[in-house]
Amino acid sequence: MKKKIIQFLKLVFGLIAMALILLAFFSIRSCWRGIPSPISLHASFQKEIDLTPSQIRAVEQIGEWEFLCISDEEMIDTAITHWFSRDDRLVRIYQGTLRLGIDFQDCQEHWATSKGDTAILRLPPIKLLDRRFIDEARTRSFYELGEWDAQAKEDLYHRAQQTMIKRCMTRENIQRAEENARTQVEALFRTLGYKAVRVEIQPNS
Amino acid sequence: MKRILPLLAMLILMACSGHKKGEADSQAKKDSINLVLRISRQNRLYTAEYQVHKIVTHDDLLHLKGSILGFEYDQKISLGDRKVAIPIDVTLKSYVDFANFTERNVERSGDFIHITLPDPRIVITASKVDHEGIRQYTSLFRSNYSDSELTDFTRQGVESILEQIPQMGILTTARESAAQTLIPLLTEMGYDEDHIVITFREDLDASKRHEIYDNEGSVIKL
Numbered sequence: 001m002k003k004k005i006i007q008f009l010k011l012v013f014g015l016i017a018m019a020l021i022l023l024a025f026f027s028i029r030s031c032w033r034g035i036p037s038p039i040s041l042h043a044s045f046q047k048e049i050d051l052t053p054s055q056i057r058a059v060e061q062i063g064e065w066e067f068l069c070i071s072d073e074e075m076i077d078t079a080i081t082h083w084f085s086r087d088d089r090l091v092r093i094y095q096g097t098l099r100l101g102i103d104f105q106d107c108q109e110h111w112a113t114s115k116g117d118t119a120i121l122r123l124p125p126i127k128l129l130d131r132r133f134i135d136e137a138r139t140r141s142f143y144e145l146g147e148w149d150a151q152a153k154e155d156l157y158h159r160a161q162q163t164m165i166k167r168c169m170t171r172e173n174i175q176r177a178e179e180n181a182r183t184q185v186e187a188l189f190r191t192l193g194y195k196a197v198r199v200e201i202q203p204n205s
Numbered sequence: 001m002k003r004i005l006p007l008l009a010m011l012i013l014m015a016c017s018g019h020k021k022g023e024a025d026s027q028a029k030k031d032s033i034n035l036v037l038r039i040s041r042q043n044r045l046y047t048a049e050y051q052v053h054k055i056v057t058h059d060d061l062l063h064l065k066g067s068i069l070g071f072e073y074d075q076k077i078s079l080g081d082r083k084v085a086i087p088i089d090v091t092l093k094s095y096v097d098f099a100n101f102t103e104r105n106v107e108r109s110g111d112f113i114h115i116t117l118p119d120p121r122i123v124i125t126a127s128k129v130d131h132e133g134i135r136q137y138t139s140l141f142r143s144n145y146s147d148s149e150l151t152d153f154t155r156q157g158v159e160s161i162l163e164q165i166p167q168m169g170i171l172t173t174a175r176e177s178a179a180q181t182l183i184p185l186l187t188e189m190g191y192d193e194d195h196i197v198i199t200f201r202e203d204l205d206a207s208k209r210h211e212i213y214d215n216e217g218s219v220i221k222l
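Chains A and B, in that order, give the protein sequences. For the first sequence, my numbering assigns the number 1 to the initial residue and increments by one for each residue that follows. For the second sequence, my numbering assigns the number 1 to the initial residue and increments by one for each residue that follows.
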């Protein structure tokens, strides 16, 4: 009985060895001659996402007048240093578009008046219209080593947000937006038929 | 032994000097580099905002595919599955661009004013991943999804929202909101509400994405 089992195992291993030799032979032959192999094997993975519905959670009427648009890109990284192994590191490149202008909600009562052919407009201070300006969908993961949790990625997002605000909300950019606001508002009201337009912008605190 | 001890001490010192300031076992280092900054002057009136939520899912099945002597085969390996669900929130805004607004857009007759506004356009102004809400299920023989893979799925998810814009009825709301924003402004200027007419071009085809979607100002390019 024991002898039969050994013989059977020898046969199985022999067949597997022969199959492997044949596979190697055909692969080498096809590589050598440049012809497709009669035996091929490869793993395939799905790259595309599944199709799922989108849900509109809120619709809101707003009144935001944009005068300056700044597109920014920041590379933010974080690392955890280990004593006896390689450092964990995560480097992401964030993209954001900061929009500067006025929000009609900030306008005081009778902010737009007219006297004969003259339009008088008292605009609220120029501000960042929306603090949600980062597009995480366009974030590029530049380098990743180690396992990173949700908190680490949230921290990176908020650091990118702060860095962009600091870099873009400068005195010069606010002045640029104010100058453009004067030009554009004046042009619009002249188009509406006013001969003279007076624009006052409240200073940014 | 006398020779080994100083060598060991040196090794330990070297290991310690490689670690910044000799703090705890691990510490976070942070840095940031600015890459691009582009500034452009605008004259846009944003009139409506939409918050869109989507759960992007990806089901990664491992398949072994190939052929043996002309016979094709495709075998699903059940031990190689992994799945991920990524909740994302996208902010869409509709706006009217006054950059090309001219006297041809305005008709005045006595106390009456008729304004034909430029076509409203839609732009994605922000997208945010709910990192805490991401759920991953990985089989024993597969690695977790990398950060690069997750960002790629998020991008695909936002692009799929763009496909659904024509069905969302956003344009109608955008037009109504634009009128509701401008009418109070004109009444402040002295016009009677009944004497103000605001219209839009009627032949705008909402099914043509390139006509309503702002490719240039948006964070997602078509």
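Note that these hints are calculated values from the structure, not bench results. Any given hint might turn out to be false.
[Unchecked claim] Quick list of the computed label-pair ranges, beta carbon to beta carbon:
| hint | chain 1 | residue 1 | chain 2 | residue 2 | range |
| --- | --- | --- | --- | --- | --- |
| 1 | B | GLN180 | A | PRO125 | 16 to 26 Å |
| 2 | B | LYS65 | A | ASP50 | 13 to 23 Å |
| 3 | B | ASP130 | A | GLY193 | 43 to 53 Å |
Cβ coordinates follow ideal geometry from the N, Cα and C atoms, glycine included.
Outcome of the hint check:
Checked against the hint of 16 to 26 Å, the pair B:GLN180 and A:PRO125 passes, with Cβ atoms roughly 24 Å apart. Checked against the hint of 13 to 23 Å, the C-beta distance between B:LYS65 and A:ASP50 comes to roughly 20 Å, which is consistent with it. For the hinted restraint 43 to 53 Å between B:ASP130 and A:GLY193, the CB-CB distance of approximately 49 Å keeps it satisfied.
The structure agrees with every numbered hint stated previously.
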